[in-house]
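As a plain string of letters, each chain reads:
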Amino acid sequence: EAGVTQFPSHSVIEKGQTVTLRCDPISGHDNLYWYRRVMGKEIKFLLHFVKESKQDESGMPNNRFLAERTGGTYSTLKVQPAELEDSGVYFCASSQEMGSSYNEQFFGPGTRLTVL
Amino acid sequence: GQNIDQPTEMTATEGAIVQINCTYQTSGFNGLFWYQQHAGEAPTFLSYNVLDGLEEKGRFSSFLSRSKGYSYLLLKELQMKDSASYLCAVTRRWGYSTLTFGKGTMLLVSP
Numbered sequence: 001e002a003g004v005t006q007f008p009s010h011s012v013i014e015k016g017q018t019v020t021l022r023c024d025p026i027s028g029h030d031n032l033y034w035y036r037r038v039m040g041k042e043i044k045f046l047l048h049f050v051k052e053s054k055q056d057e058s059g060m061p062n063n064r065f066l067a068e069r070t071g072g073t074y075s076t077l078k079v080q081p082a083e084l085e086d087s088g089v090y091f092c093a094s095s096q097e098m099g100s101s102y103n104e105q106f107f108g109p110g111t112r113l114t115v116l
Numbered sequence: 001g002q003n004i005d006q007p008t009e010m011t012a013t014e015g016a017i018v019q020i021n022c023t024y025q026t027s028g029f030n031g032l033f034w035y036q037q038h039a040g041e042a043p044t045f046l047s048y049n050v051l052d053g054l055e056e057k058g059r060f061s062s063f064l065s066r067s068k069g070y071s072y073l074l075l076k077e078l079q080m081k082d083s084a085s086y087l088c089a090v091t092r093r094w095g096y097s098t099l100t101f102g103k104g105t106m107l108l109v110s111p
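Protein chains in written order, with my numbering: chain A, 1 to 116; chain B, 1 to 111.
Don't read these hints as lab results, they were simulated from the structure.
This structure is a prediction, so every number in the text was calculated from the model and none was measured.
Glycine included, each C-beta is placed from N, C-alpha and C at the ideal position.
You may find that some hints are simply not true.
Restricting the straight-line Cα-Cα distance to at most 25 Å, the calculated cross-link-like pairs of lysine-lysine (DSS-like) are [claimed, not checked]: (1) A:Lys44 to A:Lys15; (2) B:Lys68 to B:Lys103; (3) B:Lys103 to B:Lys76; (4) A:Lys44 to B:Lys103; (5) A:Lys15 to A:Lys41; (6) B:Lys57 to B:Lys103; (7) A:Lys41 to B:Lys103; (8) A:Lys78 to A:Lys15; (9) B:Lys68 to A:Lys44.
Not the full set, but computed from the structure, chain B residues with beta-carbon under 7 Å of chain A [to be verified]: (10) Thr13; (11) Gly15; (12) Thr98; (13) Phe101.
Whenever a hint applies, use it, and build me the whole structure from the sequences.
Here is the structure:
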């Protein structure tokens, strides 16, 4: 079974440009999460999809970040325009539907974003 | 708010035992996860505790005390490949499992 995949693995852009990150969750996983780790800090939650719907987007930093999950499959996270403080590693995770005793999240390898 | 503390770095010798502690303060606690992350790779699940006590899984064990807001991850018979970052994370709401992470403990295993 394929794990969570993310594309690209690395992205280097200039301040003011736009970048779109993609996440393909494990097939059949209804839940998809985005997290971010900036240098020296802990991994922080950004938002959570249940199928195609945003369940919780309380962690999104500001309106320069837009996440979508068309058809409840893969998800994209667009940053427009990018700022220096957006640099970090963006992780995607997925898990099965609610109702299990615990909801183990499977993480992708992350996209390392560098904004110059 | 939430606060999760774990040591920044630890070192140990191959074959030894190491205990990585994690303390947390959170409302609506609903479980604690430990993840292992090698450099440049995805965090991978190690354990989950929601009730007090010890969960053992091979060389790894995890303990939880809800009243003390305390957990530890115990690694036995350390191997070089155990050198990694160990992340403590808590969940607050049943089912949603949004994870709140500590900064992670970098473990270096030396020969």
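Here is what the structure says about each hint:
Annotation: proposed proximity of Lys44 of chain A to Lys15 of chain A holds, straight-line Cα distance about 22 Å (limit 25 Å). Taking the CA atoms of Lys68 of chain B and Lys103 of chain B, the gap is near 20 Å; set against the 25 Å cutoff, the hint holds. Proximity of Lys103 of chain B to Lys76 of chain B is assessed by CA-CA distance (about 23 Å); at most 25 Å being required, the pair is judged to hold. At roughly 10 Å between alpha-carbon atoms, Lys44 of chain A and Lys103 of chain B fall within 25 Å of each other, so this suggested pair holds.
Straight-line distance between C-alpha atoms of Lys15 of chain A and Lys41 of chain A comes to about 21 Å, which keeps the hinted pair within the 25 Å bound. Of the pairs offered as hints, the one joining Lys57 of chain B and Lys103 of chain B holds, with about 24 Å between alpha carbons and a cut-off of 25 Å not exceeded. Restraint check: the Cα-Cα separation between Lys41 of chain A and Lys103 of chain B comes to about 6 Å, which is no more than 25 Å; the hinted pair holds. Pair hint Lys78 of chain A plus Lys15 of chain A holds up; C-alpha atoms about 14 Å apart against a cutoff of 25 Å.
Simply put, Lys68 of chain B and Lys44 of chain A have alpha-carbon atoms about 24 Å apart, close enough for the 25 Å limit, and the pair holds. Hint on Thr13 of chain B is violated. Least Cβ distance to chain A is approximately 28 Å, over the 7 Å limit. At about 29 Å, the closest approach between the beta carbon of Gly15 of chain B and any beta carbon in chain A exceeds 7 Å, and the interface hint on this residue is violated. Against a cut-off of 7 Å between C-beta atoms, the interface hint on Thr98 of chain B holds, since the closest Cβ of chain A lies about 5 Å away.
The restraint placing Phe101 of chain B at the interface with chain A holds, with a minimum CB-CB distance near 4 Å, inside the 7 Å limit.
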